[in-house]
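Residue numbers (this note's numbering), protein chains in the order written: chain X, 1 to 218; chain B, 1 to 232.
You can trust all of the hints, since none of them are fake.
Only some residues are given here: those of chain X computed to face chain B with a beta carbon under 8 angstroms: (1) P55; (2) D63; (3) P64; (4) D65; (5) F83; (6) M130; (7) S135; (8) P161.
In silico DSS-like links for lysine-lysine, alpha-carbon gap of 25 angstroms or less: (9) B:K71 x X:K121; (10) X:K170 x X:K184; (11) X:K121 x X:K156; (12) B:K139 x X:K156; (13) X:K61 x B:K221; (14) X:K170 x B:K139; (15) B:K72 x X:K121.
Calculated directly from the structure, the hints in this document are not laboratory data.
The beta carbon of each residue, even a glycine, is placed where N, CA and C say it ideally should be.
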Amino acid sequence: MALDKNGIAKRIAQELKDGWYVNLGIGIPTLVANYIPEGIEVEFQSENGILGMGPFPFEGKEDPDLINAGKQTITARKGAVYFDSATSFAMIRGQHVQLTVLGAMEVSQDGDIANWKIPGKMVKGMGGAMDLVASADNIIVAMMHANKAGESKILKKCTLPLTGVGCVKKIVSDLAVLEVKDGKFHLIERAPGVSVEEIVSLTEGDLVVPDFVPEMDI
Amino acid sequence: MNKVVNNVEEALTGIQDGMTLMLGGFGLCGIPENSIAQLVKMGVKDLTCISNNAGVDDFGLGLLLQQRQIKKMISSYVGENAEFERQMLSGELEVDLIPQGSLAERCRAGGAGIPAFFTPAGFGTEVAEGKEVRIFNGKPHILETALTADFAIVKAWKGDTEGNLVFKGTARNFNPMMAMAGKITIAEVEELVPAGELDPNFIHTPGIFIQRIFKGEKFEKRIEQRTVRQRN
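My request is simple: use the sequences and hints to build the entire structure.
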């Protein structure tokens, strides 16, 4: 069965390594914080200016001066720090953040990503996404494999305006874990109960399929 | 040097039609809300506003958009404002969308006497169109130029009579860089204290960047996405 949003987040959380600073984008990526593996310590950076982001506050404890990049009220963990936007993006551009997780509307087999604009329809702006994808060495995209009409979002070439070029290394979708290298997608794992055929049929880009494709362990 | 002015009216004196303004804040967090209300009252128009976001429909810079006082916005994310999206898609409003980190750095550069810099952000996208590209360390970068403003308006938690500022939580965001980049910078603060009350070790923005400071009359501090967790 295809994963739901929490399933995708749970699988991405398995990629976390002890001691990493991690930036989580808006949407599914935010849920990754709920599934940090036992025995691992990571610090979450939110690009509006906090390192050491904690869980949402209890009702009545919301602080309007303490939000994340999704404008949600949050808390700060012990040892947290606040900083200005230039310092925040120095952390990001300067590659001091070890992992960036973000959503996408489309990803291409060259690692291009589009997630900020649908011309004439939806213009929200790129926020920090362009800085993040241009700088991070380690980017995982959390996304649905296909849109509601069943059209693949994992493509030979992106059709929407790009956020960054050649930057995506790994995708965790509702159907599969894919690696992006050498101009192709590589099928690494499939969601429990999802067939290789289904993944192949919903992947428009070139997909390398090994003889054996294990199920995700989640 | 005493930078204190009596009220928001005095603080915003000199802002005229057609000027470029920087306004601090991220979402509705750390926005100079008293000054925005005053800009609505003044009715100044054809403004170019440099601000990460454009508020929501009925708060923050959304109030200026409603009154059609803004000619051009320079921002990174406008997703929460339906009126903004409408004015932009219909062509009524000129919009320059730029990556958030580039926006922050362009303001910092403007205040720091750096006319331009190279960044990897936006290479290969429409943001890079018409911009010089150079390879550093094997990686392409685009040239981004500094931003300055006729007036920068920032919001701080505490300030002293010298204009030294302390911010609270994530309300700091763009305020320190914009404070540096205004020809005239106005600070509205929640608490205004005599010089000497703030520990010099813990001041975020030195008063040299501030020309006028005043205590805001009231702060609504609206929350955009109230998100809570359940008590067990």
